[in-house]
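K.L.:
Chain by chain, the residues run as shown.
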Amino acid sequence: MARRGALREERDEQSLIAAAQRGNRDAFNELVLSYQDQVYNLAYRIMGDPASASDAAQEAFISAYQHIDGFRGKYASSFKSWLMRIVSNACYDELRRRKRRPATSIEDFEMDEEANPALVSEFEGPEEHAERQEMARVIQTGIRSLPADQRVTLVLSDVQGFSYQEVAEMTDVPLGTVKSRLARARGKLRDYLRDQGELLPIQYRLK
Amino acid sequence: MLRLLRRRKSEEERRDELLSAYLDGELGEGERQRLEARLAQDPTLRAELRALRQTVSLVQELPEVAAPRNFILSKSMVERRQPAPRPEPQVLRPSSERVRRAWAAPLLTAATAVVSLLFVVVLAGDLLLPGIGGLASAPQQLEQSKEIPQIALEAAPAGEGGEMEDEVAPSPTLAPMAPEAPREEPETAVEEKEDVRVEREVAPSPTPPPTPAVEAPLEEAEMAPEEEEEAIEEMQTEPAWPGAETPAAPMGGGAATEEAAALAAATPEPMVAPTVVSEAVLTPTIPAEAPMVSEAPAEGEVGLLGPTPSEIEAAPVPIQAEERGLERPVRGRLPWEVLEIGLGLTALVLTFATIQAWRVRRR
Numbered sequence: 001m002a003r004r005g006a007l008r009e010e011r012d013e014q015s016l017i018a019a020a021q022r023g024n025r026d027a028f029n030e031l032v033l034s035y036q037d038q039v040y041n042l043a044y045r046i047m048g049d050p051a052s053a054s055d056a057a058q059e060a061f062i063s064a065y066q067h068i069d070g071f072r073g074k075y076a077s078s079f080k081s082w083l084m085r086i087v088s089n090a091c092y093d094e095l096r097r098r099k100r101r102p103a104t105s106i107e108d109f110e111m112d113e114e115a116n117p118a119l120v121s122e123f124e125g126p127e128e129h130a131e132r133q134e135m136a137r138v139i140q141t142g143i144r145s146l147p148a149d150q151r152v153t154l155v156l157s158d159v160q161g162f163s164y165q166e167v168a169e170m171t172d173v174p175l176g177t178v179k180s181r182l183a184r185a186r187g188k189l190r191d192y193l194r195d196q197g198e199l200l201p202i203q204y205r206l207k
Numbered sequence: 208m209l210r211l212l213r214r215r216k217s218e219e220e221r222r223d224e225l226l227s228a229y230l231d232g233e234l235g236e237g238e239r240q241r242l243e244a245r246l247a248q249d250p251t252l253r254a255e256l257r258a259l260r261q262t263v264s265l266v267q268e269l270p271e272v273a274a275p276r277n278f279i280l281s282k283s284m285v286e287r288r289q290p291a292p293r294p295e296p297q298v299l300r301p302s303s304e305r306v307r308r309a310w311a312a313p314l315l316t317a318a319t320a321v322v323s324l325l326f327v328v329v330l331a332g333d334l335l336l337p338g339i340g341g342l343a344s345a346p347q348q349l350e351q352s353k354e355i356p357q358i359a360l361e362a363a364p365a366g367e368g369g370e371m372e373d374e375v376a377p378s379p380t381l382a383p384m385a386p387e388a389p390r391e392e393p394e395t396a397v398e399e400k401e402d403v404r405v406e407r408e409v410a411p412s413p414t415p416p417p418t419p420a421v422e423a424p425l426e427e428a429e430m431a432p433e434e435e436e437e438a439i440e441e442m443q444t445e446p447a448w449p450g451a452e453t454p455a456a457p458m459g460g461g462a463a464t465e466e467a468a469a470l471a472a473a474t475p476e477p478m479v480a481p482t483v484v485s486e487a488v489l490t491p492t493i494p495a496e497a498p499m500v501s502e503a504p505a506e507g508e509v510g511l512l513g514p515t516p517s518e519i520e521a522a523p524v525p526i527q528a529e530e531r532g533l534e535r536p537v538r539g540r541l542p543w544e545v546l547e548i549g550l551g552l553t554a555l556v557l558t559f560a561t562i563q564a565w566r567v568r569r570r
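Read top to bottom, the protein sequences are chains A and B. Residue numbers are given in this note's numbering: position 63 of the first sequence equals residue 63, and the series is strictly consecutive. So this note's numbering is basically just the index in the second sequence, starting at one, shifted up by 207.
To be clear, the hints were calculated from the coordinates, so they are not data collected in a lab. Everything hinted at is true.
Chain A regions said to be covered by chain B (calculated; three or more residues, Cβ under 8 Å):
#, region
1, 56-64
2, 133-142
Below, a sample of chain A positions facing chain B; criterion: calculated Cβ distance under 7 Å:
#, residue
3, Val-32
4, Tyr-40
5, Tyr-44
6, Asp-158
7, Lys-179
8, Ser-180
9, Leu-182
10, Arg-186
11, Gly-187
12, Leu-206
Listing some non-contacts, in silico: residues in chain A with all C-beta distances to chain B over 10 Å:
#, residue
13, Asp-12
14, Glu-13
15, Leu-16
16, Ala-19
17, Phe-71
18, Ser-81
19, Arg-96
20, Gly-125
21, Glu-128
22, Ser-145
23, Ala-148
24, Asp-149
Note that the Cβ used here is the ideal one computed from N, Cα and C, for glycine as well.
Kindly produce the complete structure, drawing on both the sequences and the hints.
P.N.:
Structure follows, in structure tokens:
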């Protein structure tokens, strides 16, 4: 039953993609609505702040619409990775642009996850929730300290859950490069968390 | 020291890479077993693995963040940037062509200016050179009369009539005549040319053509030279016969093609009586010309056929020329004529090409 539902969804998505490829903007906007959370989430984890994430997500959707003729996949999953690839490229480009012209302001480091009600779990007490928020903030800051290519690789792999092979295809690098980038990113993040030491809630401290 | 640090770091990196791949189950069987053996003996390595695993799980557990707003594409978002994909295949080719032509426009302009100047200089030289100065006006006139049908032929098919006018103006000698010509239909121009030919063929031959196919040319041919002028005028009011040319050409032969008409007139090698013809061309009957030109507009139909009156002039001329026996200067003048006509035509063709080039560029 659930499988049949998924199948129908996939078929719906295929027709939406086909319509979008014929220039139907409404059809494409249907796809936007069903993917915007995932897209924004990826952008947010790579960019690290809501404003940049929003810009990158919008940029990515526009780019996806303009290049949808180039999408030739047959399955819904391939559309997702096609879209995510566009998002991560948009983020990566923006990060490189910033590296050339660094304009780091205080606001960039302010994160307003707390303000997002979607994050509040109903099984969490207020204290636990605050700790979780604090931890997320720390990790996000740690991710931001990584070089752009490692950042993108880490987010695609550990946040989005793409396989090495998928990440390699999305970032246009060999599998071995994905492996080493990911290892370096994780190692640096581990070191960063270690440095935080006692600033972290007890249960999150690295042992 | 530095090298040692770097080596240690790379060792650490290699260790992390092993541990990281191990966490993801991406190690080969042999590698995995070797690492597990090391882990069993090395507590530090175990601690590193634990820390790394914890880090990865912290990242994996990061809460999913919902989009703070909708990213639906508005029409303006897409319109502002979309023009690229759709018209691309159509725009691309013409634009490259456009670039090529745009680049050509200034060059063509320069070439046109140079050739026009040369044309003027040659004409002026022809006019002012002592010895032939007296003869100058006739060839000049003839040349123009020959050029005009040519203008019409080139300009009219492309529908360039209006613009041609302006562009011809720079070469002063053409200015008075040219504006009339381009407005004509291509057919008219061809007709005229044919008229000229018939007329030419008829004029110098004192005897009737051997096998006249059509009535009119035959009549003309049989007429006395003095009557020819009238006959020609009559002919022009009637449509020209494309077929009348060939049979009525007793001396032309192969050279009597339509395209070559103007040239044939200029260089009448195959003609039986070349001297006579060229005399006709050169005769300096200025007084005779003047009345003709002024007559032309009065004749309703002929007025439409702008250049015709000037062509008619060429016809009556031979008669007078023959009478005056002006044979001498003729031979020396021929190259001048060819040069002038060639330059004039080149200037016109260039002018036309320049107009096109600028037009394309402006678009």
